[in-house]
Amino acid sequence: MSIINHFFDYIKGYLKIDFTGHDKVRFLNLCRNNRFNIWNIRMSENEEHMIFFSSIDSFYQMKKIRRKCNGKLKIKKKIGLSFKIRKYQKHAFFLSGIIIFFILIKIISLYIWNISFDGNYSYTDVELMNFLNENHIENGLKKSSINCDELEYLIRKQYNDITWVSVEMKGTRLIVHIKENFDSNIAKTEDKPYNIVSNVNGVIDSIITRSGIPLVKRGDSVEKNQPLVNGTIEIQNDAKEVVGYDYVNADASIYAYVTYDFHESFSLNYQQKIYTGMKKSAIELKLFEKSLFFSAFEKKPKTFDTVKDYKPLSLTKNFYLPVSICHIRYNGYKIEDQIYDQDQAYELANEKINEYIHDLEEKGIQIIENNVTIDVNESECIMTGNFVVLQQIGQIEYIDKNE
Amino acid sequence: MLIESISDRLEIPKDVSMGATILNVTGQYGLFIENYKNIIEYTEELIRIQSRTCKICICGKNLHIEYFNEIGMKVCGRIKSIEFI
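For the record, the sequence lines run as chains A and B. The numbers in the first sequence follow this note's numbering, run straight up by one, and end at 578. The numbers in the second sequence follow this note's numbering, run straight up by one, and end at 92.
The shape of chain A in the complex, shown without the other chains:
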């Protein structure tokens, strides 16, 4: 009995049979004469039972000879694939459900269902997502059609101050890892020598040059696009004649006083939202980027705020599904005309100025002077003046060696 025979027996199915009776030897001889397929015949210790294996066909045929031998045949075990199939036939729907589930999981895993960003500070997720959408990278895109290297190049090209990008595909997620440049405004995108030029109008406070030739000194007034550090170094001979040029990547920390004009105004008449307390909510199921509403409110207020809270469903940390549940809240309000009094107007104006200062400070800019005045007249509040700030300046300008 070879392994192949065993394999085919297993596919067809076979039986472990217990024969009890007096004429065991006669039974065996009859089996042989009738060419029944039986094997592995073992006698029990007390010789009451004879256990053997038989094919299904042979078992049904040997029922005839059983009577001649005055014995009993009992199936002890059913072995083989055909029996297993029969056993699980009752659970066909359950099994097919499991199979369909795995097929669906496999199909879903071929697409991207979640895009996330990591390491971004000055660029918001929405801004970066819009950029990706413009480049046709969005949820539901086939993973095989995404070229990570090309995407990294596109992001680096678009955002100069993103110094490092890594696009990673994990499960059904596309994760964009970003490192932004905080230390300097200078960020290069091409592998070419460059000069540093001014990106603003201002007065130089300090310049520390690490590479290249400085063209300005402390106290100099500079204008936008004025060269600050030259990356082209002249090579002179003993007679001080220029015999050639050496090109370097200009590198320097340049700080300058820069004046930012500030002019803003707002009307003293304003419309205030007064929430009526009318709150309604709805559940939205988003499947394959298509929305299905489960419940919607009946009496819609005229004006309302909508707050949507999306929760994408995921099997594991990195295996997102194309299904998300959104809890939508509607807060009804009515609008009333109001007028700011003088104190309120000053307070609001100061808030706006502080907000502007906060934005500048977040960018690492130091405020030296605040020359903004607030003027409140009958109809509006005007903020006008300027800020003198100390900030790092400079941007790269690639050198064209042919010039």
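A hint or two may mislead.
Computed footprint of chain A on chain B; a stretch qualifies when at least three of its residues, placed anywhere within it, have a C-beta under 8 angstroms from a C-beta of chain A [what the hints assert, rightly or not]:
no. : stretch
1   : 41-52
2   : 71-77
So the derived label-pair ranges between C-beta atoms look like this [claimed, not checked]:
no. : chain 1 : residue 1 : chain 2 : residue 2 : range
3   : A       : Tyr263    : B       : Glu90     : 45 to 53 angstroms
4   : B       : Cys66     : A       : Tyr263    : 26 to 34 angstroms
5   : B       : Cys66     : A       : Lys251    : 23 to 31 angstroms
6   : B       : Phe91     : A       : Arg210    : 41 to 49 angstroms
7   : A       : Thr491    : B       : Ile78     : 34 to 42 angstroms
8   : A       : Asn245    : B       : Cys66     : 52 to 60 angstroms
9   : B       : Ser88     : A       : Phe269    : 17 to 25 angstroms
With a straight-line Cα cutoff of 27 angstroms, these simulated DSSO-like cross-link-like pairs (lysine-lysine) come out [to be verified]:
no. : chain 1 : residue 1 : chain 2 : residue 2
10  : B       : Lys81     : A       : Lys253
11  : A       : Lys243    : B       : Lys81
12  : B       : Lys68     : A       : Lys191
13  : B       : Lys21     : A       : Lys249
Honestly, the hints are just simulated from the structure, not real lab data. For glycine and all other residues, C-beta sits at the position ideal for the given N, C-alpha and C.
Given the structure of chain A, go ahead and fit chain B onto it with the hints provided.
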């Protein structure tokens, strides 16, 4: 005896000319028998087989028939002796 002498002279194998049983023994643990007629007795210690010319007794321990059909049968177990009666 005549058939035996003729077959000897013609060098015809005995299993063909006289239906002699062929026993193929693998150490103590396996025995393949061809040209047998039927089984006379079968226990764990003894298997008696009827061949055309004689009876064959196989004694041993834990004897069992691995498979058997009209051509031959294979006996496995610890074989102590094979006797021709």
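Taking the hints in turn, this is what the structure says about them:
1. 41-52: holds (count 7)
2. 71-77: holds (count 7)
3. A:Tyr263 x B:Glu90: 45 to 53 angstroms: Given about 52 angstroms between the Cβ atoms, the range holds.
4. B:Cys66 x A:Tyr263: 26 to 34 angstroms: Violated: the Cβ-Cβ distance is about 47 angstroms, outside 26 to 34 angstroms.
5. B:Cys66 x A:Lys251: 23 to 31 angstroms: Given a distance of about 29 angstroms, which is inside 23 to 31 angstroms, the answer is holds.
6. B:Phe91 x A:Arg210: 41 to 49 angstroms: violated (28 angstroms)
7. A:Thr491 x B:Ile78: 34 to 42 angstroms: violated (59 angstroms)
8. A:Asn245 x B:Cys66: 52 to 60 angstroms: violated (28 angstroms)
9. B:Ser88 x A:Phe269: 17 to 25 angstroms: For Phe269 of chain A against Ser88 of chain B, whose Cβ atoms are near 58 angstroms apart, the range 17 to 25 angstroms is violated.
10. B:Lys81 x A:Lys253: Distance ~24 angstroms between Lys81 of chain B and Lys253 of chain A Cα, so the pair holds.
11. A:Lys243 x B:Lys81: Holds, because 26 angstroms separates the two Cα atoms, which is no more than 27 angstroms.
12. B:Lys68 x A:Lys191: The hint holds at about 23 angstroms.
13. B:Lys21 x A:Lys249: violated (42 angstroms)
The structure is inconsistent with the numbered hints 4, 6, 7, 8, 9, 13, although it conforms to all the rest.
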